[in-house]
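*Asks:* Single-letter residue listing:
Number of protein chains: 2
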Amino acid sequence: MGEHRNISNAVIKRLPRYYRHLGELIEMGTERISSGELSKRMNVTASQIRQDLNNFGGFGQQGYGYNVKFLYDEIGKILGLDREYQMVIIGAGNLGRAIANYTNFEKSGFVISGIFDINPECIGQSIRGVPVRNMTELETFASNNKIDIAAITVPKSAAVEVADRLVKLGVKAFWNFAHVDLNVPEDVIVESVHLSENLMRISYNLSKSEDERGRRHYGKEKAGKRI
Amino acid sequence: MGEHRNISNAVIKRLPRYYRHLGELIEMGTERISSGELSKRMNVTASQIRQDLNNFGGFGQQGYGYNVKFLYDEIGKILGLDREYQMVIIGAGNLGRAIANYTNFEKSGFVISGIFDINPECIGQSIRGVPVRNMTELETFASNNKIDIAAITVPKSAAVEVADRLVKLGVKAFWNFAHVDLNVPEDVIVESVHLSENLMRISYNLSKSEDERGRRHYGKEKAGKRI
Numbered sequence: 003m004g005e006h007r008n009i010s011n012a013v014i015k016r017l018p019r020y021y022r023h024l025g026e027l028i029e030m031g032t033e034r035i036s037s038g039e040l041s042k043r044m045n046v047t048a049s050q051i052r053q054d055l056n057n058f059g060g061f062g063q064q065g066y067g068y069n070v071k072f073l074y075d076e077i078g079k080i081l082g083l084d085r086e087y088q089m090v091i092i093g094a095g096n097l098g099r100a101i102a103n104y105t106n107f108e109k110s111g112f113v114i115s116g117i118f119d120i121n122p123e124c125i126g127q128s129i130r131g132v133p134v135r136n137m138t139e140l141e142t143f144a145s146n147n148k149i150d151i152a153a154i155t156v157p158k159s160a161a162v163e164v165a166d167r168l169v170k171l172g173v174k175a176f177w178n179f180a181h182v183d184l185n186v187p188e189d190v191i192v193e194s195v196h197l198s199e200n201l202m203r204i205s206y207n208l209s210k211s212e213d214e215r216g217r218r219h220y221g222k223e224k225a226g227k228r229i
Numbered sequence: 003m004g005e006h007r008n009i010s011n012a013v014i015k016r017l018p019r020y021y022r023h024l025g026e027l028i029e030m031g032t033e034r035i036s037s038g039e040l041s042k043r044m045n046v047t048a049s050q051i052r053q054d055l056n057n058f059g060g061f062g063q064q065g066y067g068y069n070v071k072f073l074y075d076e077i078g079k080i081l082g083l084d085r086e087y088q089m090v091i092i093g094a095g096n097l098g099r100a101i102a103n104y105t106n107f108e109k110s111g112f113v114i115s116g117i118f119d120i121n122p123e124c125i126g127q128s129i130r131g132v133p134v135r136n137m138t139e140l141e142t143f144a145s146n147n148k149i150d151i152a153a154i155t156v157p158k159s160a161a162v163e164v165a166d167r168l169v170k171l172g173v174k175a176f177w178n179f180a181h182v183d184l185n186v187p188e189d190v191i192v193e194s195v196h197l198s199e200n201l202m203r204i205s206y207n208l209s210k211s212e213d214e215r216g217r218r219h220y221g222k223e224k225a226g227k228r229i
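As you go down the protein sequences, you meet chains Z and E in turn.
Using my numbering, the letters of the first sequence correspond one by one to residues 3 to 229.
Using my numbering, the letters of the second sequence correspond one by one to residues 3 to 229.
Don't take each hint at face value.
To be verified - A few chain Z residues that face chain E, going by a derived Cβ cut-off under 7 angstroms, partial list only: (1) P18; (2) L81; (3) N147; (4) G172; (5) V173; (6) M202.
No wet-lab data here; the hints were simulated from the structure.
Even glycine gets a Cβ: it sits at the ideal position worked out from N, Cα and C.
Please model the entire structure based on the sequences and the hints provided.
*Replies:* The structure is reproduced here in structure tokens:
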């Protein structure tokens, strides 16, 4: 695996979207696609697509376009989707359940091997065949099972402590839904989903466009008065 | 409201994180804070903090630091959090329920006014006092209630059509959890949470660091053989 070298972060960030669109094309039975068609579909310029995909060398052929399946597989390899990851979910609330019930993750190689909670009402329940275990069993579980990724869907008051425990157990990647910064060593990967921050970006943009409409309206009124 | 002008997108992107940390400081009873202390807390350089917060002019005072509450309120205004937004949730599955149950959103001014689904088992249920309505009632509801934001938590096969319906009803902002691009007019805001793309960034980073460890190991072996 030498694909990782020399690909810029900007390109890497765009790969999941390519991967998704190529997957949809495969589902539709499309075998090959030109950069122009892909461009229309993805609402990105064709030159951007050629530039991005050229990073992997020789995927596209003049007059033929891209072999969808080949490109899909190659991008999958670069994204590390050619292997399996064992994921645990800490917190069996609605969010934890939503993730556990999302079968597509498993299809992409993210296997949910354990779900943990402290709530006696949840413990012992099963979500898609995976039992909800007591948090006290975490250490024992980790000594018998490899944990590649931990999804943290507990309230923020518990998240930091839970992450500390998991770091001690050797977990190297966190998918953090708690609205708090996890303090983990530098070699540990944290991918955070801060839902409140999403909402703040929406409110910022909504209030900005309202203000702009207000200013435009004010501008028109002024212009009207001047006549 | 003229705060929006001249603030770079990069700064705007960082504001929600400032807002969160300042909120935590208020909860802890902290009245003022120096850029140095805030820097340590947020793991950002103090000069970055001064630069960011200088955008709003005169929030910090030499030898006094920042007034936490004032800064919190000002950033809140810039983020449009000084008003209320009516949000509907389309899809009362686990993810929709998780969002509906998150009381913090409401505290920040995002009021959940309606929840919709097509599943007869959900319709009529109540989530935190908000009834789950039949999707067929969406148009009637929209004519009687302002909808500022729609959270889309339906499967991707339904998401595009649902968004089209909502755009026709005048909804100007979407919080999209479906793993698909919504085709909306340019003046409509879409904030997407693509959970699979999160996972792909994790798998990319995990496989990259595994490869790096592999190469380091290989390098050592080679060095060893050379001796």
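*Asks:* All the hints need checking, so say for each whether the structure fits it.
*Replies:* Tested hints:
1. With a least beta-carbon distance of about 4 angstroms to chain E, the hint placing Z:P18 at the interface is held under the 7 angstroms criterion.
2. Residue-level restraint check for Z:L81 holds (minimum Cβ-Cβ distance to chain E is 5 angstroms; threshold 7 angstroms).
3. Evaluation of the Z:N147 hint against chain E yields a violated restraint, the C-beta minimum of about 17 angstroms exceeding 7 angstroms.
4. At about 13 angstroms, the closest approach between the beta carbon of Z:G172 and any beta carbon in chain E exceeds 7 angstroms, and the interface hint on this residue is violated.
5. With its C-beta approaching chain E no nearer than about 11 angstroms, Z:V173 sits outside the 7 angstroms limit, and its interface hint is violated.
6. Here the hint on Z:M202 is kept, as its CB sits about 4 angstroms from the closest CB of chain E, short of 7 angstroms.
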